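Q: Quick note, the sequences are listed as chains A and B, same order.
Using my numbering, the first residue of the first sequence is number 1, and each one after it goes up by one.
Using my numbering, the first residue of the second sequence is number 1001, and each one after it goes up by one.
Everything labelled a hint here was simulated from the structure, so no lab data went into it.
One or more hints might be untrue.
As the list claims (entries may be wrong) - Calculated cross-link-like contacts (lysine-lysine; reagent style DSSO-like; alpha-carbon spacing at most 30 Å): (1) B:K1069 x B:K1008; (2) B:K1069 x A:K120; (3) B:K1069 x B:K1096; (4) A:K120 x B:K1096; (5) A:K120 x A:K36; (6) B:K1008 x A:K120; (7) B:K1096 x B:K1008.
Claimed, not checked - Pairwise CB distance ranges (calculated): (8) B:D1026 x A:P83: 23 to 33 Å; (9) A:A33 x B:E1038: 49 to 59 Å; (10) B:K1104 x A:Q92: 52 to 62 Å; (11) A:E117 x B:V1108: 30 to 40 Å; (12) B:Q1020 x A:D74: 34 to 44 Å; (13) B:A1072 x A:P23: 17 to 27 Å.
Just so we're clear, the structure is a prediction, and the values are computed from it rather than from any experiment.
Think of the CB as a built atom: it goes at the ideal place given N, C-alpha and C, for glycine as much as any other residue.
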Amino acid sequence: MTLVFSGICSHGPGITGRADLAPPELRDPFYAAYRKMGDAICATGAEALIVIAAEHFANFFMNNMPAYAIGMADQYEGPIEDPDWLRIPRQQVRGDADLSRRLIAEVQQTVDVAYAEEWKFDHGIMVPLHFLDPANALTIIPATHPAPPRLRLRPRVAPRRRCGAATHRFGRHRGHLALAVHPRQRTDQRGVGPRLPRSLGLGRRGAADRVHRRRNLCRRRPGRL
Amino acid sequence: MSLYQVQKLLFELNRDPAIQRAFEADGGAVADRYDLTEEERRALLEPDIGLLYVLGVNGQILMHFAAFKQIAWADYLQRMRDGVRIHGPIRAGVYKMTTGLDEKVAGV
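Chain A with its partners taken away, still in its complex shape (with noise of 0.2 Å):
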């Protein structure tokens, strides 16, 4: 499996729900460097794109919150917040248990990663999908940052060896990074940003096909803005 694209963009709620508030001269080259990380997105013939973003409270609460989270689900559904308000329609998004199952394995060598089998998305995810894949056509993988900004019960910045250990593995990220991984790429095809580990071997998943449908279906995806 290797990384053939790693990108970093904003998230704001007001991005889509206050877009009206906006100058257009300044909303609209926006939006469009929005579509075209997109296109260059599938470009790469990309299958799942893992998605660091910020967790506003969708899911972890003050109870239980670990430093650094992966999902592992099948399904996702968002955003949280009222669709009319984020102006996004409460949807239906694709996952890959397995594929998160692998990945967490990886990361767990180094750095002290939580799971979750469930996990909704609020505007911190949706929002840059809505932009970047809005027909789902990838595979999503969300992650938290490693230190989340909430309450300032820990170091903002996680400590040096985890967090070190954690950009390693996924590059480093201050903002909110899209990750796509192409399964079918072999490791010694670098792409744009750092490999992951050979050992995750995802070589023998996905098929041409099912990469040319997506690549399709990213074409197709609704001009919706």
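Add chain B to chain A, keeping to what the hints say.
A: Relative to the frame of chain A, chain B by itself:
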């Protein structure tokens, strides 16, 4: 003291349509499940967004609750400003205010 309980109610409400329906049908019955002071209970049921803000509810929780209550964005911001004017500085949580709105810091 029970800011945790206020936030837990809102956390569970924000993410669960079934609890949202129950809250709309009988907010008091939902509030009864949590260990709340009378002030907190009133702030939740009214709802008094400004007071919830002053009590220390995290903005990521309060914002979603305001959206659920169909409070427009500009109104939401204004209610928080009004809350500090009416109820005083934020008492707890990550936004706890250690100075008043008009208080000078180091003479500035």
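Q: Does each hint hold? Answer for all of them.
A: Tested hints:
no., hint, in the structure
1, B:K1069 x B:K1008, "holds, 17 Å"
2, B:K1069 x A:K120, "holds, 20 Å"
3, B:K1069 x B:K1096, "holds, 24 Å"
4, A:K120 x B:K1096, "holds, 29 Å"
5, A:K120 x A:K36, "holds, 27 Å"
6, B:K1008 x A:K120, "holds, 17 Å"
7, B:K1096 x B:K1008, "holds, 18 Å"
8, B:D1026 x A:P83: 23 to 33 Å, "holds, 24 Å"
9, A:A33 x B:E1038: 49 to 59 Å, "holds, 50 Å"
10, B:K1104 x A:Q92: 52 to 62 Å, "holds, 54 Å"
11, A:E117 x B:V1108: 30 to 40 Å, "violated, 52 Å"
12, B:Q1020 x A:D74: 34 to 44 Å, "violated, 25 Å"
13, B:A1072 x A:P23: 17 to 27 Å, "holds, 20 Å"
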